[in-house]
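**Q** Here is what each chain is made of, one letter per residue.
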Amino acid sequence: MTSFAANTEMIAAREAPDQRRGVAGWLRANLFSGPINSVVSVITIVILARLLWPFIEWAIVDADWLGSTREDCTGEGACWVFISARFESIVYGFYPEAARWRVDIVFAMLAALIAWLAIPRLPAKRWVGLFALVGFPLVAYYLLVGGHFGLMYVPTREWGGLMLTLTVATVGIVGSLPIGVLLALGRRSSMPLVKGVCVLFIEFWRGVPLITVLFMASVMLPLFVPSEIEFDKLLRALIGIMFFWSAYMAEVVRGGLQAIDKGQNEAGQALGLGYWQRMGLIVLPQALKLVIPGIVNTFIALFKDTSLVLIIGLFDLLAIIRAGLTDTNWLGFATEGYVFAALVFWIFCFSMSRYSQYIERKLHTGHER
Amino acid sequence: MNTPAASASNGPMIEIKRLNKWYGDFHVLRDIDLTVTRGERIVICGPSGSGKSTMIRCINHLEEHQQGEVVVNGIAMTQDVKRIEQIRRHVGMVFQHFNLFPHLSVLENCCLSQVWVQKKPRAEAEATAMEYLERVQIANQAHKYPGQLSGGQQQRVAIARALCMRPDVMLFDEPTSALDPEMIKEVLDVMIELAHEGMTMLCVTHEMGFAKTVADRVIFMDQGQIIEEAPPESFFNNPRSERTRLFLSQILGH
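So the protein sequences, as listed, match chains A and B.
Quick note on my numbering: the first sequence kicks off at 1 and runs consecutively.
Quick note on my numbering: the second sequence kicks off at 1001 and runs consecutively.
Only chain B is shown next, with the shape it has when bound in the complex (with noise of 0.2 Å):
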């Protein structure tokens, strides 16, 4: 077998081959296939209940699949627990819900698995954190509590407790969707810039002007089936599935 050292170089960041999920004996993620070069960035749009989310939670273990293969950075996903920990390392990951830790300050939540994960010294810890902080522009808020921040801010906190552990991809999973209208472009913003540095990207998002600008290739899935990849222009200019266009005509027209 290959060490993940001499894999990470080369080949694809993830692998997903006829991946099938099903909850109970509803049947949620149906032959997916996908392949994600390094550098890539992928958008995945598709209505609710549609397995977007569920896929991208395979791709750490945070969903478990019954049938197919995850490979991610070389590293085949299997059910053993300190393999599963290996890849989450290497996989950072955006909540809808931001899953901030409430009882620890900004910075003590970027420095919780620095500290416990990478066996990373306190010191050090927090200066990656305020690094990443200052990045997504929040530094001045290092010391506060995440019940304290507006829904953008916390968000932009959760971009930079995942980008602290220097992941080589990132998911972010309706990392809008809770967001007030006005909060969404500070954090498309980070989000933005996040792609154009050539981080690894998936995001399951409705922001199809996200989508436009960043965007190498976008995906679209219905009833736990991707139904059409296209890079941006002709998936939008000229959906060839009559479901994705009936999706494009209900979310950009109004």
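Same shape as in the complex, but just chain A (with noise of 0.2 Å):
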């Protein structure tokens, strides 16, 4: 055939070749795909349910899960009646009993706010975000705090568990972010005392250990505020904890305006746009979605460093487990209380690191330029 011939007819599209699908597909083609990859497999498998299977014995199979005391349980497996005998105290601290209705409250409602934003189809996120933001807040303050409305006044003092883990983890979440964003576009600004303002701001609390943040916060500002303002002292490790959380979220936000390229800002000029129109309509929603993987793994450190509020003698869930476990009733369940506690932290930080994975899926607009 000669090769100076022009093709003349199209080829048709073919279906791909066979894709393995299917367990067994699968299987084959990842575990079993020759002699030595199925060696390996069965060793590695056989090396994990060594490893596992003491665990799952102890956690599940040999567990007891029944009773209110510690006779109800056998001491072959876990005893996950610590767990449940202590629930009320382990969600609600020392939060009076006759009020925790209103910690239910407050929790329904941010289960229903962060799944109603959550969930991409429900519509008037804007109007359910600006509550979520400015009346969620007032409305769970007069809630949890008390003292307004006939109801009954709860100082911080007596809140512990998790609905102080979650209280310090929102605060902080919700705080750092937009703070750490306005950071961010501090540190790029021409302005120079915007500019050297936000760069102190920063590499000060980026500085310092947060333990260090903490013990600050309770034991010296005291020491520098007269006497008879009284300053809460989770109010001061909420803010605390914001300020350091948000230079973190700031660096982060950073390397994300930093990818954006700088045509994006001059098409922005071009049209007219104002800064702050730039930067909120163009730039921030580009590069912050560029950061998603940083701003959730901030947001991931972040939850799990509530439990450093336990130094200043604030009992979050950690805390209130380790409490617990110096009950002369309970002794020796040291165990159960700390796979408890990861097992929570974990489901939350677990459900975030999803989300985020899920989220950046549905913000990808087709091939990047």
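Heads up, some of the hints might be wrong.
Below 27 Å or equal to it, Euclidean Cα-Cα: the simulated BS3-like pairs (lysine-lysine) are [as the list claims (entries may be wrong)]: (1) B:K1119 <-> A:K262; (2) A:K262 <-> A:K195; (3) A:K125 <-> B:K1120; (4) A:K289 <-> B:K1144; (5) A:K262 <-> A:K362; (6) B:K1119 <-> B:K1082; (7) B:K1082 <-> A:K195; (8) A:K125 <-> A:K362; (9) A:K195 <-> A:K125; (10) B:K1144 <-> A:K125; (11) B:K1144 <-> B:K1120; (12) B:K1144 <-> A:K262; (13) B:K1082 <-> A:K262; (14) B:K1119 <-> A:K125; (15) B:K1144 <-> A:K362.
Far from chain B by the CB rule (all over 10 Å, computed), these chain A residues [what the hints assert, rightly or not]: (16) M10; (17) R14; (18) S41; (19) R50; (20) G67; (21) F87; (22) R100; (23) F149; (24) L223; (25) A270; (26) L271; (27) L273; (28) W330; (29) I359; (30) L363.
Derived by calculation from the structure, the hints in this document are not laboratory data.
Here a beta-carbon is modelled for each residue, glycine too, at the ideal position from N, C-alpha and C.
Reconstruct the complex from the two isolated chains, following the hints.
**A** Set out below in structure tokens:
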């Protein structure tokens, strides 16, 4: 056949070759594709099973689930009765029993708001978001603290457990992101004063350990502030945590800002958009999308580090469980306590991680430039 | 001082007087004088690094100049942000790399500044956007994202986006340089049509065919200066400067 001929017939599209679908196909393709791979797979599975089985046996198979005292536990496996007996205090801390319904309402509202904002199908995102940022904190504050509208006053030293952990984490997350964004923008500002202040702020908070921040907030601050002004300990910790993490957030966001082509900003300028419009409509949506993994990474780190508040005498989830370990009726259940605490933290952090991956996929608008 | 409305109907579209600019110690623009009348089409060419892009970017203050005067539509450029934004509303710009907003659909790209700068109602902005997308023959792609379009299509969207602001003058900064050869024509066709409709245009381009077809004046720049300016016939047929001749032989010589 001569190589100068023109192809007059188009080749019809054909189906792609067998992709080895299904469980069996997947196993064959990934675990048992050859003799060596098969041997390695079998050995790995055996090792995994040997390592995991004792834990599963302890945590599930031999575990005791029902009862109310330690006598209900046989002692062979985990004694989850320890957790279920203390469940109320793990969730509410020392919050007065009569007022716990208020915490429940706040929990329910928080869950509903998060679900509403997280599920793309639901409408009126803007209003719900506005309420989540403005209305909800007010409602939550008045419900949790009380002292108005006939509600009993509950000082923050009686807060504790999961509700405290979630309070600290939520305030930290909701506060640190916007502050971080502003700091990141400020650090790239052409105004020397703004830039200087932001750099100073970021480098200061990033340079001190969180524990130091918390100690400063709880021990040092009262020394400098006149004694008549009573500054709530939890509030001080919250402000410290917010500033500390906003500095990290600022650097994550700055990474995203730097990755955006400056032509984007120029196109906005050429169209007559002002600085805040260019940032809010063009640059930030792209930059933030780019650094979702970094932002969520920071959220997760923040969430886990909320347990550090125990060193200034606030009883978060972990501290409440630790306190329970010293209960003379329940000595010797440290493993159960810590495993449960780890599980609770893991569930929250893993959910954030999964949701961020989902959001990343959803925001992908086809091929990038 | 003249109000913009009063000065808009008469006088030149753009007046540049003894414009000088430095990047650090590097003198990029040297004593540029240029007056563009209403409806005039100007093509600016020159070797890379000659300052042609920098010059047109001074017209909407994407670049700041250190000396000289830039007056657009009767409004003198100052440092004042409000004044700059006022000027930018009358000046459309098309970039070499399109600079469409990749997170917004084609339609949203065209509506953004209408809604936020001109404060138009959404429906009106969309109608205007569709009208211009129709004119650049890309209305059927209005709901796609820029990343899903070819380079030529993206550049046509960019032109439509700039036109949506109903500018008095359009700046083109090498609009076809980043395009694959087979897409250059579709963009040039749109630009030629725009020129025939009487739009005031300043184009930095190496498309000499385009210059011959539509330009009233061709400007040759080298090392930050305007070396030669002439109508296309005399510019291409009897260039007066040696450097212009050399440049033309380099880009037309193959």
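**Q** All hints, please: hold or fail.
**A** Quick rundown of the hints versus the structure:
no., hint, verdict
1, B:K1119 <-> A:K262, "holds, 25 Å"
2, A:K262 <-> A:K195, "holds, 19 Å"
3, A:K125 <-> B:K1120, "holds, 23 Å"
4, A:K289 <-> B:K1144, "holds, 19 Å"
5, A:K262 <-> A:K362, "holds, 25 Å"
6, B:K1119 <-> B:K1082, "holds, 16 Å"
7, B:K1082 <-> A:K195, "holds, 22 Å"
8, A:K125 <-> A:K362, "holds, 16 Å"
9, A:K195 <-> A:K125, "violated, 33 Å"
10, B:K1144 <-> A:K125, "holds, 23 Å"
11, B:K1144 <-> B:K1120, "holds, 23 Å"
12, B:K1144 <-> A:K262, "holds, 23 Å"
13, B:K1082 <-> A:K262, "holds, 21 Å"
14, B:K1119 <-> A:K125, "holds, 23 Å"
15, B:K1144 <-> A:K362, "holds, 15 Å"
16, M10, "holds, 19 Å"
17, R14, "holds, 25 Å"
18, S41, "holds, 40 Å"
19, R50, "holds, 49 Å"
20, G67, "holds, 56 Å"
21, F87, "holds, 45 Å"
22, R100, "holds, 44 Å"
23, F149, "holds, 41 Å"
24, L223, "holds, 45 Å"
25, A270, "violated, 4 Å"
26, L271, "violated, 4 Å"
27, L273, "violated, 6 Å"
28, W330, "holds, 54 Å"
29, I359, "holds, 13 Å"
30, L363, "violated, 8 Å"
Hints 9, 25, 26, 27, 30 from the earlier list are contradicted by this structure; the remaining hints agree with it.
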